[in-house]
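The listed protein sequences correspond, in order, to chains A and B.
FYI, the numbering for the first sequence is 1196 to 1513, going by this note's numbering.
FYI, the numbering for the second sequence is 1196 to 1513, going by this note's numbering.
Please keep in mind that the hints were generated in silico from the structure rather than gathered at the bench.
Keep in mind that the hints are not guaranteed to be accurate.
Stated by the list, open to error - Here are some chain B residues the structure puts well away from chain A; computed CB gaps all over 10 Å:
1) Leu1235
2) Gly1271
3) Val1293
4) Asp1295
5) Ala1298
6) Arg1301
7) Ala1426
8) Arg1479
9) Leu1510
Unchecked claim - Here are the in silico distance ranges between beta carbons for each label pair:
10) A:Ala1369 - B:Ala1472: 25 to 31 Å
11) A:Leu1491 - B:Val1330: 55 to 61 Å
12) B:Asp1393 - A:Leu1491: 40 to 46 Å
13) B:Gln1382 - A:Gln1228: 23 to 29 Å
Note that CB positions come from ideal geometry on N, CA and C, so glycine has one too.
2 protein chains.
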Amino acid sequence: MSPARLVALDWGTSALRAFLLGQGGAVLEQRAQPWGILHLPDGGFNAALQGIAGDWLGAMPGVPLIACGMVGSAQGWREAPYVPCPAGADSLVNGLAVFDVGAGVRLHIVPGVRSPRPDVMRGEETQVVGALALVPELAARATLLMPGTHSKWVDLRDGGIADFRTFMTGELFAVLRDHSILGRPAQAAAVPPGTSHDAFDRGVRAVLQQGSATALLFSARTLVLTGQLPAEQSLDYLSGLLIGEELRCALPAAQVDGQTNALAAGGTPLVLIGEDALVARYQRALTIWGAAKARLLSNTAVAGLWHIAQRAGLLHPA
Amino acid sequence: MSPARLVALDWGTSALRAFLLGQGGAVLEQRAQPWGILHLPDGGFNAALQGIAGDWLGAMPGVPLIACGMVGSAQGWREAPYVPCPAGADSLVNGLAVFDVGAGVRLHIVPGVRSPRPDVMRGEETQVVGALALVPELAARATLLMPGTHSKWVDLRDGGIADFRTFMTGELFAVLRDHSILGRPAQAAAVPPGTSHDAFDRGVRAVLQQGSATALLFSARTLVLTGQLPAEQSLDYLSGLLIGEELRCALPAAQVDGQTNALAAGGTPLVLIGEDALVARYQRALTIWGAAKARLLSNTAVAGLWHIAQRAGLLHPA
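Starting from the given sequences, assemble the full structure and let the hints guide the process.
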């Protein structure tokens, strides 16, 4: 096994993931705990760090330690204030929050990024750096779509984040499913909800035809009430409505230089980064919308943490 | 006191209200209980009826009894199936569900209305009949807006409901306030949330300028994060976004006969029916949107129940 060069943490609201990285950023070992910053174990941040990576840090004195995500927010361990757009790897390196967590271990936290809309991201900026490290040709111009609880649409230009927008699609879906009348048909369904591509596609198409999801939301209930949609497919239909609405609003915003439908015309490469099942849903929706096929990347946070650590001069010679 | 002519019930999901009506539909006495169809007391529907109006029914054998609302849904006491649009008072009379609740008392339940979108209403149809009884000149053509958990926009034509649409504005606000990240700033605010007209107006204007609330939702958080909106005003801003979005989608739909912006031009009278504080919010938003001033009516369900009972021949000669 190659020697360890970096301990990297992806520390969000609901989960903490730790990676032991070797030469070139190769993942030697990885661990995960449900210790997001809102769900810390007794003993708080330090106990969480020791619990997930204490043995690595103890066995390798001096190994550098870096983290991204909500751990750097005002509610985190130490705030790493947002850096403004346009923001590239150098801005992030300059904005690193660095402090001693005890026993001579220094933690470096990557800052989030803000735009004047106003909008903010924290964690995704590191995925952006990772995507650029993995696919350097994106640097000139690309749109990165990172779907999730809060989907981010990032305009990449000249190697940095020129601008971005947040859509609360994932959170909207979750609160409507769990707390609104729209979730009830699926809960009461005779068969458990599966995944219906047809119902999802129908939701996306409805938004494309109607021009807005707002007037369609209630149809996730009335179609079931009137026997036109099986109850167990109603959440897939709702997902189609919400993702369709995100595309309706974001795709025009992703146009650049006044080109009409630049994405659809292939003018700007679109890259989808995220978990497989969710990325597949967005791919279906993009196809229905007539947008060009997106390039797919898995979570690129680890590559981003490696690249930022390297750029910051944290990596000792092998 | 004039003799009682009708016992009328407005029986919804979360509340039961009972009215003893005299000559001309005058309210002689009224009562309310939190016995909506999802919150019945022990003994169910019959116990609720006896609890709220048993003394009236016992003291006046033969007094007619009528109800509207979710009590007539598939989850209610007895289903009164939806009647199709166009639907006027006669359709509702023909669709009354009538059954014996014991001791010779017959309950008449007003049916809901469905449109082919598909969309459904149950309870609001009775308010529509009440509004028409109170303001007969609306019969030719009007748009009725009944804001609430599920806002209804009703196109009235030739004395009946020609079409309607549901917007889940009130429920969306409630689930976002109580269960999403957008509710947190207000919960954590140093001073309790009050009512900020400025923040509400700002939300409405943002939708008007941006053209959609979807890309703006997250700003209810980021404006607070960046110090541009006091935390205690964030829910008023969110309310402005959601009500603005409803107007954005509904006002064009309320245009009739291809007239551009008929409402704004005063082509079709707009009537707002509902609770005072909520109606005032919609009035503010309509003004910002440039729509003509709406006529205001309080809850018209009682007038509707009286009118339907009369039309059905239930009222004995005084």
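Range hint compliance [Cβ, Asp1393 of chain B to Leu1491 of chain A, 40 to 46 Å]: The hint (40 to 46 Å, Cβ to Cβ) holds, given that Asp1393 of chain B and Leu1491 of chain A are roughly 45 Å apart.
- prompt: Is it the case that Asp1295 of chain B keeps its Cβ farther than 10 Å from each residue Cβ in chain A?
  reply: holds (28 Å)
Cβ separation check - Val1293 of chain B to all of chain A, threshold 10 Å: holds (23 Å)
- request: Examine each Cβ of chain A, and state whether all of them lie more than 10 Å from the Cβ of Ala1426 of chain B.
  value: holds (13 Å)
Status of Arg1301 of chain B, Cβ more than 10 Å from any chain A Cβ: Arg1301 of chain B clear of chain A: closest Cβ-Cβ about 27 Å, beyond 10 Å.
query: Is the hinted range of 25 to 31 Å satisfied by the C-beta distance from Ala1369 of chain A to Ala1472 of chain B?
result: Hint holds: Cβ distance 29 Å, inside 25 to 31 Å.
Outcome for the supplied range 23 to 29 Å, where the beta carbon pair is Gln1382 of chain B and Gln1228 of chain A: With Cβ atoms ~27 Å apart, the hint holds.
- prompt: For Leu1510 of chain B, is the shortest beta carbon distance to chain A beyond 10 Å?
  reply: Correct as stated: the minimum Cβ-Cβ distance to chain A is 33 Å, above 10 Å.
message: Against the range 55 to 61 Å, how does the distance between the Cβ atoms of Leu1491 of chain A and Val1330 of chain B compare: consistent or not?
response: Between Leu1491 of chain A and Val1330 of chain B, where Cβ atoms are some 59 Å apart, the hint holds.
task: Take a quick look at Ala1298 of chain B and tell me if its Cβ sits farther than 10 Å from every Cβ on chain A, holds or violated.
output: Ala1298 of chain B is indeed farther than 10 Å from all Cβ atoms of chain A, at 34 Å.
- prompt: Taking the minimum C-beta separation from Arg1479 of chain B to chain A, is that value above 10 Å?
  reply: It holds; Arg1479 of chain B is separated from chain A by about 19 Å at its closest Cβ, greater than 10 Å.
Verdict on Leu1235 of chain B as a residue remote from chain A, using beta-carbon distances over 10 Å: Nearest chain A Cβ is 18 Å from Leu1235 of chain B, so the label holds.
In terms of the numbered hints stated before, the structure departs from none.
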